[in-house]
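Trainee: With the sequences and hints as input, model every part of the structure.
Throughout, our numbering is defined as the position within the sequence shown, counted from one, plus 868.
Everything labelled a hint here was simulated from the structure, so no lab data went into it. All residues carry an ideal CB built from backbone N, CA and C; glycine is no exception. Keep in mind that a hint or two might mislead.
Cut-off 27 Å, straight-line C-alpha distance, at most; resulting in silico cross-link-like pairs (DSS-like, lysine-lysine) [to be verified]:
#1 K999 <-> K1297
#2 K999 <-> K1289
#3 K1297 <-> K1341
Computed beta-carbon distance windows for the label pairs [unchecked claim]:
#4 G1098 <-> E1139: 20 to 28 Å
#5 E906 <-> D1327: 14 to 22 Å
#6 S1299 <-> N1006: 35 to 43 Å
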Amino acid sequence: MATEPMGIPVLILKEGTQRTAGRDAVRANIMAVRAVAEVLRTTYGPRGMDKMLVDSLGDITITNDGATILDKMDIQHPAAKMLVQIAKGQDEEVGDGTKTAVILAGELLREAEALLEKNIHPTIIVNGYKKAMEEAVNYIYKIAKKIDVNDLDTLKKVAMTSLTSKAVHGAREYLAELAVKAVKQVAEKRGDKWYIDLDHVQVIKKHGGSLLDSQLVYGIVLDKEVVHPGMPRRVEKAKIALLDTPLEVEKPEIDAEIRISDPSQIKKFLEEEEEILSKMVEKIAGVGANVVICQKGIDDVAQHFLAKKKILAVRRVKRSDMEKLAHATQARIVTHIEDLTEKDLGYAELVEERKVGEDKMVFIEGCKNPRAVSIVIRGGLERLVDEAERALRDALSSVADVIRDGRIVAGGGATEIELAKYLKDYAAKFSGKEQLVIKAYAKALEGLVAALIENAGYDPVEKLIELRSAHAKPEGLWYGFNVFTGKVEDMMALGVIEPAAVKANAIKAATEAATLILRIDDVIAASRTGKEEEEKKGKKEEEEE
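Mentor: Take a look at the structure:
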C-alpha cells in the first residue's frame, strides 16, 4: 500500500498479500535459517546425535546425514528452503560436508545479526564476507598437503574420517577399505586428470547378517533371479550377451486380423512363432554366449530353448544396471539380435545365482579389469542398512574428491581454527567496519569447532582457548580437538584427514547462502487462492482417511 500526498491510500498488491520489509524481513530470514542450522548443529562431529524423521505415511528414517535430514524435514519457510538447496548443491558437488556448510551459514548469520545491531549496513557485511571467503579458500589450498593418489593408507584414513561420525562407527575400518578399493577400481586417468564416475559403483542393500558381512564384488550384482528352473545356476568362464531387445515375437504396431479356416492353420501359426524364437536362441548360442542379460522380456518358449542350450538368462534388468554391466564385463549392449557377434560378448569368471537374506540375486564377478563394481551392504536392521548406505556414499565421495584434487587438510577443527587465526591477522589490514566483518567471519568459523566440542560434552570456551594457543606455536598448524580423549592433538598425525575440496566447497556454499539471505530486505508473499486452500484441505482429508 502506498499513500498519495492527499492521504488517499493506493492499493498496489493483491488483497491478502503479506509483506515484511527492512530489518524485520532480514531478522525473520536469519531466524529461520538459524533454526534449521541449530537442528543440524547437534549432529555435527563423531559424537553428534542422530535424528528420527517420521513422514506423513509414518515411515521412519534414523540418520545424522545432513542432506538426508534437510530433504526429509519438509521445510516451508522460503529462506530456510535456500539452505536445503545449498546442502543439495554441496552433496552433488563433493558428496560430503553438508552439515559443515549449513552450520557455518547459521554461524555467519548469527554474527551478521550482531553486526546489524551495530548499524553496519548489510552491503558492507556481504562485501566483507566475500573477501574473507576468498582469502579462506586460497589459504586452504596454500596449507593443504599434496598426496600421492596411489597412497592407499592415506585414502583409507580419508574414508575413515568421513565414516567416524556415522552410525557405522564400529565397522568403519572395514567399510573404508571397501570404499577405497571400489573408487580406485572405477577411477580412470584422462590426460593428467583423474575422472571418477561414482554411478559406476553400485550399492545394494540387504538386511540380515552384520555390517562386516558386506562385500565388494569386482563386477555387478543383479537383484533378479534366473528366469527358468531348467537353466544352470552357476556358469564359469561366462561369455555374456547384453540385449536391449525382447526375446519375444513382437506384436505388430498396427491392428491386424488373421482369418483361420481350419485347425491345422493354428498349429502352423504357433509353430512359426516357435521357429522365430528358436532362431533367436540359435543365434545367441551360435556366437558362443552362455549367459544372457536382457533389458526387456523373455518369452516362455524362448526360456525353454535357452534352458535346453544350458544358457543362464536374466530378464527385465534396469537400464542403469545394463550400462554398469557393459563397463564391468567390456560387453556391448546389442539392440538387434541379428547384429550380435562374438566381439559384442563380455567376460566374467563366474555368473552365479545366490541367496542373500530372503532374496535370490545374480552375481557377475571376476571380470577382467572391471570399470564398474558393486558393494553389497549387510546389516542386522533395515534402518542400519539404510544409514550404512548413506555413510558409504559419503566415504566414496570423499575418496573420489581426494583422488581428483590430490590435496588434504586435517579434521577435528584444526583447519577452521587455523583459518580463523589467519583471518584475524588479515582483518588488521582493513580499517573501520570491514575489519569488524572479517573478524566476525573468523568467529563464525570458530563456531563450527565450538559445536564439535559441545557435542562431545566438553566446555567450548576452555577448549577453544587451548586450540588458539596451540595454533600460535610454529608446529601447531594441524592441532585439533580429539573428541574421544578431550585433548588438543595433532590431527594429521592421528590420521583425521579430509579432502581440501570438501572444506573449500563448504565454505563457499555457506558464504553464498548467508550473503544471499542478508541481501533480502523485502519479503512479499502472495495470498493463497481459494482453490489452493481447497486442494490442500482435500489432500489433508485423504491422508486422514
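Trainee: If a hint holds in the structure, say so; if it doesn't, say that too.
Mentor: Outcome of the hint check:
Taken as a hint, the K999 and K1297 pair is honoured in the structure, with Cα atoms around 12 Å apart against an allowance of 27 Å. Between the alpha carbons of K999 and K1289 the distance comes to roughly 15 Å, so the proposed pair stays at or under 27 Å and holds. This hinted pair checks out: K1297 and K1341 have alpha carbons roughly 22 Å apart, not beyond 27 Å. Against the hinted window of 20 to 28 Å, the Cβ-Cβ separation of G1098 and E1139 comes to about 21 Å, which satisfies the hint.
Here the CB-CB span from E906 to D1327 is close to 19 Å, well matched to the stated 14 to 22 Å. At roughly 22 Å, the beta-carbon separation of S1299 and N1006 lies outside the given 35 to 43 Å, and the hint is violated.
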